[in-house]
Amino acid sequence: MKIDDQTKISAIVKHNSASIDAIASVAKPLEKLRNPILRKIMASRVTIAEAAKLGGCTTEDLMNALKPLGYVYDDQTQTAKTTTEEPEPLWLRRPETHSRVDFDVRDMLASGNDPLKQIMQRYGAIAPGQVLCIINTFSPTPLIHLLRSKGAETFVKEINAGEYHTFFLKPGAATAVKEASPLNYHDEKSFHNKAMQFDGSYNAIDVRLLEMPLPMQTILKELKDLPQDKALYVYHKKVPVYLLDELYDMNFITHIHEVADGDVRLLIHHA
Amino acid sequence: MSDLNTSKAAAELAVLPFYAVATLAFFVLSVLLFISADYMGGHYFQPKLLAVVHLAALGWATMIIFGASYQLLPVICESPLFSSILAFASFILLTIGVYLLVVSFWFFQTGWLMICGGTFVLLSTLCYLANVLLTSQIFHQYSIQTLFMVSSALWLLFTVIVGLLLAVNLHQPFIERNHLDILKLHAHAGIAGWFLQLVTGVSIKLLPMFLLGRSQKERLLRYAFFLQNCGLLLFFADVFFTGFSSRALIWAALIAGGVICHMLYLLDVFKHRLPKPLDYQMKHSFLSFLFLAITLLVIPIVVISDSGHWSILYGTLIFMGWLTAIILGKTYKTLPFIVWNKHYKNLTGKQKVPLPKHLYNETLVKLQFFIYIAAMMVLVAGILSAVSMLVKAGFLLFIAVSLIYGYGVLSILFHKPKSS
Chain C
1 MKIDDQTKIS AIVKHNSASI DAIASVAKPL EKLRNPILRK IMASRVTIAE AAKLGGCTTE
61 DLMNALKPLG YVYDDQTQTA KTTTEEPEPL WLRRPETHSR VDFDVRDMLA SGNDPLKQIM
121 QRYGAIAPGQ VLCIINTFSP TPLIHLLRSK GAETFVKEIN AGEYHTFFLK PGAATAVKEA
181 SPLNYHDEKS FHNKAMQFDG SYNAIDVRLL EMPLPMQTIL KELKDLPQDK ALYVYHKKVP
241 VYLLDELYDM NFITHIHEVA DGDVRLLIHH A
Chain H
1 MSDLNTSKAA AELAVLPFYA VATLAFFVLS VLLFISADYM GGHYFQPKLL AVVHLAALGW
61 ATMIIFGASY QLLPVICESP LFSSILAFAS FILLTIGVYL LVVSFWFFQT GWLMICGGTF
121 VLLSTLCYLA NVLLTSQIFH QYSIQTLFMV SSALWLLFTV IVGLLLAVNL HQPFIERNHL
181 DILKLHAHAG IAGWFLQLVT GVSIKLLPMF LLGRSQKERL LRYAFFLQNC GLLLFFADVF
241 FTGFSSRALI WAALIAGGVI CHMLYLLDVF KHRLPKPLDY QMKHSFLSFL FLAITLLVIP
301 IVVISDSGHW SILYGTLIFM GWLTAIILGK TYKTLPFIVW NKHYKNLTGK QKVPLPKHLY
361 NETLVKLQFF IYIAAMMVLV AGILSAVSML VKAGFLLFIA VSLIYGYGVL SILFHKPKSS
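So the sequences go chain by chain: C and H.
Residue numbering for the first sequence follows our numbering, beginning at 1 and increasing consecutively.
Residue numbering for the second sequence follows our numbering, beginning at 1 and increasing consecutively.
I should point out that these hints are in silico values taken from the structure, not numbers from a laboratory.
Keep in mind that a hint or two might mislead.
20 Å max Cα-Cα, derived DMTMM-like pairs, lysine to aspartate or glutamate [unchecked claim]:
{"#": "1", "chain 1": "H", "residue 1": "K350", "chain 2": "C", "residue 2": "D225"}
{"#": "2", "chain 1": "H", "residue 1": "K342", "chain 2": "C", "residue 2": "D225"}
{"#": "3", "chain 1": "H", "residue 1": "K350", "chain 2": "C", "residue 2": "E211"}
{"#": "4", "chain 1": "H", "residue 1": "K345", "chain 2": "C", "residue 2": "D263"}
{"#": "5", "chain 1": "H", "residue 1": "K345", "chain 2": "C", "residue 2": "E188"}
{"#": "6", "chain 1": "H", "residue 1": "K283", "chain 2": "H", "residue 2": "D238"}
{"#": "7", "chain 1": "H", "residue 1": "K276", "chain 2": "C", "residue 2": "D225"}
{"#": "8", "chain 1": "C", "residue 1": "K238", "chain 2": "H", "residue 2": "D38"}
{"#": "9", "chain 1": "H", "residue 1": "K217", "chain 2": "C", "residue 2": "E188"}
{"#": "10", "chain 1": "H", "residue 1": "K418", "chain 2": "C", "residue 2": "D263"}
{"#": "11", "chain 1": "H", "residue 1": "K342", "chain 2": "C", "residue 2": "D263"}
{"#": "12", "chain 1": "H", "residue 1": "K345", "chain 2": "C", "residue 2": "D225"}
{"#": "13", "chain 1": "H", "residue 1": "K352", "chain 2": "C", "residue 2": "E211"}
{"#": "14", "chain 1": "H", "residue 1": "K357", "chain 2": "C", "residue 2": "D249"}
{"#": "15", "chain 1": "H", "residue 1": "K276", "chain 2": "C", "residue 2": "E211"}
Sample of chain H residues at the chain C side, in silico, Cβ under 10 Å [unchecked claim]:
{"#": "16", "residue": "K48"}
{"#": "17", "residue": "I85"}
{"#": "18", "residue": "Q137"}
{"#": "19", "residue": "R214"}
{"#": "20", "residue": "K350"}
{"#": "21", "residue": "Q351"}
{"#": "22", "residue": "V353"}
{"#": "23", "residue": "P354"}
{"#": "24", "residue": "V378"}
{"#": "25", "residue": "A381"}
{"#": "26", "residue": "L384"}
{"#": "27", "residue": "A386"}
Over 10 Å on every C-beta distance to chain H, these chain C residues come out as not near it, computed from the model [unchecked claim]:
{"#": "28", "residue": "D5"}
{"#": "29", "residue": "A110"}
{"#": "30", "residue": "P182"}
{"#": "31", "residue": "P213"}
{"#": "32", "residue": "D245"}
Note that beta-carbon positions come from the ideal geometry of N, C-alpha and C, so glycine has one too.
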């Protein structure tokens, strides 16, 4: 049988059930494949590449284990995938708008129970806009596929080799209206929190020394190239009242914090 | 900056009363015009028309310009208003002066009542001029915008002085020249000196701001300043020393050249703006410049024909067309901001606030725009065809415009923040 990175484990197992032992022997996390229940939910959803990721090994390791059973690796279709660290999505950094529910499933898995049902129950119980965090020994690819198909946003964070945190943002009304107000005043703390959501990904400009109408033009010029998930942090000497309507028309959300007289901070980002 | 914050309430006092009283004046003006529509066919020098022209020029246009200037001078000159108290004084003096003048013209009571009214307007003008000079510090910080602001204020002073002399002359004739020639000087110092130069100065600052565009062609503005003032001064010298003649067309052409330079500059700003649809406030401004262009085209006919209804049309285009259109639009680009500042500027703590444009109903601005266009079309048709019913219908539509505008202004002035 010819296989490649994208071949499903279930297809391999179907071809020859001896492959179960072969794959399970490669890495400890993959031993779950021996469990018939886990195999049922995982195998049909997981590809070779994903299994390698789950097991913390390479696709070559898996191929070497499968070769003696007569599987032929098809190099042609191998996609040169580089594993890059994805940045944390914005919704994960909103402490005040999204409370989080944690669920550690490591013990259940170790004792051979399938946590899927309980995970789905907990996911069903959280409110739209809330985040469910599954703590696990591997990245639960099948679960990610399943909940993504239901509209959830997901993010996997590797804490260490044996601990993965997978976050699921439940979609719904709350995410749609999460920032309905186009103009918001803040005290120091809430402005700081707001800015922290864009931690490291905001551009800062100081327009305090510019002559009218340069502050406005500078801000608009910066906003023109502002990526969707970034924010513009502006040091201003006053609330730019003439600009506020324009920002709204251009579909931006503005946060204002007056530090002192002549020292106003703005945080502007896409709606 | 200290004046801006320690006397925030005073700063509002320097602006908001002007809007309130001017809005009322616009309504009264529309009603008076409706009542006196029958006079619109004859000669312009008659009591009822003198009353409504002064109500339009001082009670409506100048009143709102004073208020807007006190708000915009700090923006244009980048320094706080010199004195809110002086500004409020100019409000009280102007209000008393205008209504004394209007009443004395309407009932044609020449004498102390009219002279008193003129004197109050003169005192108000002096307060305004002092504030403009001391806020702009034109001698230290030159910019073409402040130059226009200062020159327009000086022309206003000149206009008011000549007007006061004319009021005295009606009571106790002492001017040896033709009263109507001097009246032309008075009117045009007001129109081409005060209003035109002020609108030029303010528009070259505000339109780039609101259109989010800019132009590098500032030399056009220097030509505009030179041509507008030269034309006006030569017109004055000519009329004063040799009397009014069709030579006025040459001087009018110079001023028109100045206006064209101003328009070319704005056109350049318009071309270099951010691409976005124009709102109805901006459309009012463009309508206003259209009326100004038509006014300039009408001048030769007015000078040559010397018949009553062309002069009436000329005045109508200036006051009800050019100036009213720009005020109707610009009010929504100035007033909401000061009211917004009043309620939301120095907020601390976490809260959601409305946008300046959510202080009024934009649909009403749209409605106002279309009814206003209808009003002008019917009115101009009525004046040209000398059909009194059409003129009356036009003014009836103006009453409707003034009510919509009044509702809009009052809803902004009395905006109450929702307690959250």
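Hint check results:
For a cut-off of 20 Å, the pair hint linking H/K350 to C/D225 is broken: about 28 Å separates their Cα positions. The suggested pairing of H/K342 with C/D225 is violated, with an alpha-carbon distance near 33 Å, which exceeds 20 Å. Our distance criterion of 20 Å between C-alpha atoms is broken by H/K350 and C/E211, whose separation comes to about 30 Å. Between H/K345 and C/D263 the alpha-carbon distance is near 13 Å, which keeps this suggested pair within the 20 Å criterion.
A threshold of 20 Å between alpha carbons decides the hint, and for H/K345 with C/E188 the separation of about 16 Å falls inside it, so the pair holds. A C-alpha spacing of about 38 Å is found between H/K283 and H/D238, which places the hinted pair above 20 Å, so the restraint is violated. For the suggested pair H/K276 and C/D225, the alpha carbons sit about 17 Å apart, so the restraint of at most 20 Å is met. Distance restraint check for C/K238 and H/D38: the Cα-Cα separation of roughly 53 Å exceeds the 20 Å cut-off, and the hinted pair is therefore not satisfied.
Only pairs whose Cα atoms come within 20 Å are accepted, and H/K217 paired with C/E188 is rejected, the gap being roughly 43 Å. A distance of roughly 26 Å separates the Cα atoms of H/K418 and C/D263; the hinted pair therefore is violated under the 20 Å criterion. A distance of roughly 18 Å separates the Cα atoms of H/K342 and C/D263; the hinted pair therefore holds under the 20 Å criterion. For the hint linking H/K345 to C/D225, the alpha-carbon distance of about 28 Å lies beyond 20 Å, and the restraint is violated.
A threshold of 20 Å between alpha carbons decides the hint, and for H/K352 with C/E211 the separation of about 29 Å lies outside it, so the pair is violated. Between the alpha carbons of H/K357 and C/D249 the distance comes to roughly 10 Å, so the proposed pair stays at or under 20 Å and holds. Using a Cα cut-off of 20 Å, the hinted pair H/K276 and C/E211 is violated, with the two alpha carbons roughly 25 Å apart. Annotation: H/K48 was flagged as interfacial toward chain C, and the flag is violated, the nearest CB pair being 41 Å apart, outside 10 Å.
Because the smallest distance between the Cβ of H/I85 and any Cβ of chain C comes to about 22 Å, over 10 Å, the interface hint for this residue is violated. With its C-beta approaching chain C no nearer than about 15 Å, H/Q137 sits outside the 10 Å limit, and its interface hint is violated. A least Cβ separation of about 7 Å between H/R214 and chain C falls short of the 10 Å threshold, and the interface hint therefore holds. The restraint placing H/K350 at the interface with chain C holds, with a minimum CB-CB distance near 4 Å, inside the 10 Å limit.
Interface restraint check: H/Q351 against chain C, minimum CB-CB distance 5 Å, threshold 10 Å, status holds. Interface restraint check for H/V353: the shortest CB-CB distance to chain C comes to about 5 Å, inside 10 Å, so the restraint holds. At a threshold of 10 Å, the smallest CB-CB gap from H/P354 to chain C is about 7 Å, leaving the interface hint in force. The restraint placing H/V378 at the interface with chain C is violated, with a minimum CB-CB distance near 33 Å, outside the 10 Å limit.
Hint status for H/A381: violated, given a least beta-carbon distance of 36 Å to chain C, over 10 Å. The beta carbon of H/L384 is not positioned within 10 Å of any beta carbon in chain C (closest approach about 39 Å), and the interface hint is therefore violated. For H/A386, the interface hint is violated, the least distance from its beta-carbon to any beta-carbon of chain C being 45 Å, above 10 Å. Under the 10 Å C-beta cut-off, the non-interface status given to C/D5 relative to chain H holds; the minimum distance is some 46 Å.
Consistency note on C/A110: stated as away from chain H, and its beta-carbon is indeed over 10 Å from all of that chain's, at 45 Å minimum. The Cβ of C/P182 sits about 6 Å from the closest Cβ of chain H, inside the 10 Å cut-off, so the non-interface label is violated. A beta-carbon of chain H comes within 10 Å of the beta-carbon of C/P213; the shortest separation is about 5 Å. Non-interface status of C/D245 relative to chain H is broken: a Cβ of that chain comes within 10 Å, the nearest being about 5 Å off.
Going through the hint list in order, the structure does not satisfy hints 1, 2, 3, 6, 8, 9, 10, 12, 13, 15, 16, 17, 18, 24, 25, 26, 27, 30, 31 and 32.
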